[in-house]
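Listed here are the chains, written in short residue letters.
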Amino acid sequence: MADEHGPLHVTGEVLATKKAGAYRLLTIAAPGIPQRFRAGNFVAVSVDGGRLARRPLWIHRVKEAGAFGATLDVVVNAVGPGTTWLAQRPVGARLEVTGPLGRPFALPREPVACVLVGEGHSAAPLFPLAERLRQRGCAVTLVVAGPDEAGLLSALEARRSARAVTVITGDGSVGVRGDVATHIESVLERADADVVYAGGPLPMLRAVAAAAERRGAWSQVALETPMPCATGLCQGCPVPVVSYDGVSRVVRGCVDGPVVRGDRVDWDSLR
Amino acid sequence: MSRQPGPVMVASGCGGTGRELAAYAELVGLDFVTRSITLDPRPGGPALRIAESPSGLVNAIGLQNPGLEHFLATELPWLVRAGAHVFVSIAGGSMGEYADLARRLGRAPGVAGIEINLGAPHQVGEGLFDVREPYHAASVVAAVRREFPANLPVLAKLRPDLTRVVEGARGAVDAGASAVVVGNSIPAAMPDGRPGGLSGPAIGPVSLRCLVEVVSALDHVAVIGAGGVSSVEDARRLLDLGASAVQIGTALLHDPTTVARVRAALTREEDPL
Ligand SMILES: Cc1cc2nc3c(=O)[nH]c(=O)nc-3n(C[C@H](O)[C@H](O)[C@H](O)COP(=O)(O)OP(=O)(O)OC[C@H]3O[C@@H](n4cnc5c(N)ncnc54)[C@H](O)[C@@H]3O)c2cc1C
Ligand SMILES: Cc1cc2nc3c(=O)[nH]c(=O)nc-3n(C[C@H](O)[C@H](O)[C@H](O)COP(=O)(O)O)c2cc1C
Ligand code: FES
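Chains as they are written, first to last, in the working numbering: chain A, 342 to 612; chain B, 141 to 413.
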C-alpha cells in the first residue's frame, strides 16, 4: 500500500487561479502531495469530456502550510482541449490529482556552479530547484526563455532565487533576442557551469545537453513527451536511452524520467 | 485445481510491473495479469504509442517486455513476494515458443496461472504466431496446457470479434483452457494509420455482447469479462450476466485506484457483515 514517499491519488480543490503572462497559475489543495514533493516532480491531472489520458503538469511551487493547509502551484499553458479546460477551472473546482510523480532532479553533493535553463511553461520545475540549490550553497544562474515577454515564466521571481539571470525572448521584447541554442554556450562559459539543468521543448533540451557535454559539464533534462497514464502502468511513454556500455534501451518517461541525464538520451530516436 | 481468479483482476499491460500499482492498490491477494511476456525481450513500438479517442484509448505498445528470463529473475519474484496472484500473460512467435514459455513458467515458483494472449489486434507483422484462426488458437491452448502443471489454470484470452468469439471460446475450452477471457482491445488505427487496439468505455458494449454470446452458448465454462470496465456498476453488470470475473485495464490508466475501489466494493458484497 501507499508508503510515505510514494505518490498519492487525491481529489484536489482549486484554491486560487490567476493569469501569469500567457499562462494560468493554479493553486491547488491536494492533501499529502506537497509534503512529498521534490523539485522535478510532477502531478497528473484528469480532464473532462471522455478524455482518458492524464495531463502531466510540473509542480511549480509548494507551500507546506498556509490558511488551507499544504498547497501546490501549477502553471498551465493552454495549448489544447485538456489544458484549456484546466486553465478555466474556477476557484472551488475539484480536480483528480496524482502525485508527486517521476524521478526528481538529482542534486550535486558539492556546492558547484549550476545553470538552470527553462523555456516557456517548462521553466516551472526550475524555480523550486533553484531554491534547493541555493540552500546548498550552489552558485545558481537562471536562464528564462520564451517567445515574447508574456511567454516568460516568473522572470521577476527568478531574480530572488538566482545569482545571475539571463532573459531570452524570440522577439527581443525583453532580454536578449534569439533562442536558447544560440546563447547557451556563452552562458555556460560565463557561469563556469559544472552542472546544467534544463526544461523546455525537445530541440532546446538537446542543444543544452550538447553544449553541456562539450564543456564536460553534467546535464539533466526534464522531458515533456506524452505520458498517457503518467504512473508507470502503461508503457505509453517510451524514452530511448543509451547506457554507459553503449547498450540501447527504452525506458518509461514517467517513472524512469521525466528528468534524465542529457548525455544518455538517444535524441535521434526520441519523438 | 487451485483457486479460480476473481471477482476482479488487473488486465494485462495495464498494471505496470506491479510495483507502480502498489502505491494505489493492495497487492496481497490481488489477481494480477502481467503484460504479455515473450521468450525474447521486445523493445516495443515507436512513439506515439497511445492516442486518445472519445471515451477510449488506442494503443500501439508493440508488446514491449523484458523477455522471459529477465521477467523470471526480477519482476515475478517481486510480485510473488508482494502477495499478488500472478497470472503471466504470454505471447509467442511459434507453437514451440508457447510450449517453451509454458514449460518454464510451470517450474517458476509462485505463478498462479497463465493467460494466453490470443487476441492482440495486430499480431501479424509483429513476429507473433498468427492465432486469429480459432483452429490455430486452439492448438496453442493445447500446447500450453500440455506443458503447464495440470493443477494451475490456463486462461485463453480471446479477441472480442463477434463473428468468431463463440467458436474461439469452444475451441479453447475443448483444447483444455480452464477459463476464457472475453476479450481484448479491438483492432483500430493510430491517428497516423498504424495498427492499434481500442480499449476503454468506448468498447464496453461490444465486449458485453461477446460475453453474453459466449455465456449463453457454452455451459459450465468460466468466462471472464474484459473491456471497458471502469466502475463497480460495470463490473456488477458483467458478473450478473454470467461472467465469473472481470478484468480492469484502461480505467487504471485514468485512475490508478480503480481496481482497489471495485475490489473493495465487490468483496463487501461477497461477505455481507
Ligand atoms: C512531465 C511533464 C510535465 C509537464 N508540465 C507542464 C506544465 O507544467 N504546464 C503545462 O502547461 N504543460 C505541461 N506539460 C505538457 C502538457 O501535459 C501537455 O501540453 C498537455 O497534456 C496537452 O493536453 P491538451 O489536451 O491540452 O492538448 P492535446 O494536444 O489535445 O493533447 C492530446 C494528447 O496528447 C498528449 N500531449 C500532447 N502534447 C503533449 C506534451 N507536450 N507533453 C505531454 N503530453 C502531451 C496529451 O496529454 C493528450 O493525451 C508537461 C508534460 C509532461 C510530460
Ligand atoms: C496500454 C495497454 C497495454 C496492453 N497490453 C496488453 C498485453 O500486453 N497483453 C494483452 O493480452 N492485452 C493487453 N492489453 C489489453 C487489455 O489487457 C484489455 O484486454 C483491453 O484493453 C480491454 O480492457 P479495458 O477496456 O479495461 O482496457 C493492453 C491494453 C492497453 C490499453
Ligand atoms: S505514461 Fe503510462 S507508463 Fe509512463
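These are computed hints drawn from the structure, not numbers from a lab.
Ideal placement from N, C-alpha and C gives every residue a C-beta, glycine not left out.
Any given hint could be a false lead.
Each pair of labels, with its calculated beta carbon distance range [what the hints assert, rightly or not]:
1) B:Glu409 / A:Gly390: 30 to 36 Å
2) B:Pro331 / A:Ser610: 37 to 43 Å
3) A:Arg555 / B:Trp218: 57 to 63 Å
4) B:Gly250 / A:Arg555: 45 to 51 Å
5) A:Lys360 / B:Ala213: 50 to 56 Å
6) A:Ser589 / B:Ala248: 26 to 32 Å
To be clear about the criterion: a stretch of chain B counts as covered by chain A if any three or more of its residues have a C-beta under 8 Å from a C-beta of chain A, and this derived list gives those stretches [said to hold, decoys possible]:
7) 320-328
8) 389-403
Notebook entry, point to check: Broken hints, numbered, in rising order?
Noted result: The structure conflicts with hints 2, 3 and 7, although it agrees with all the remaining ones.
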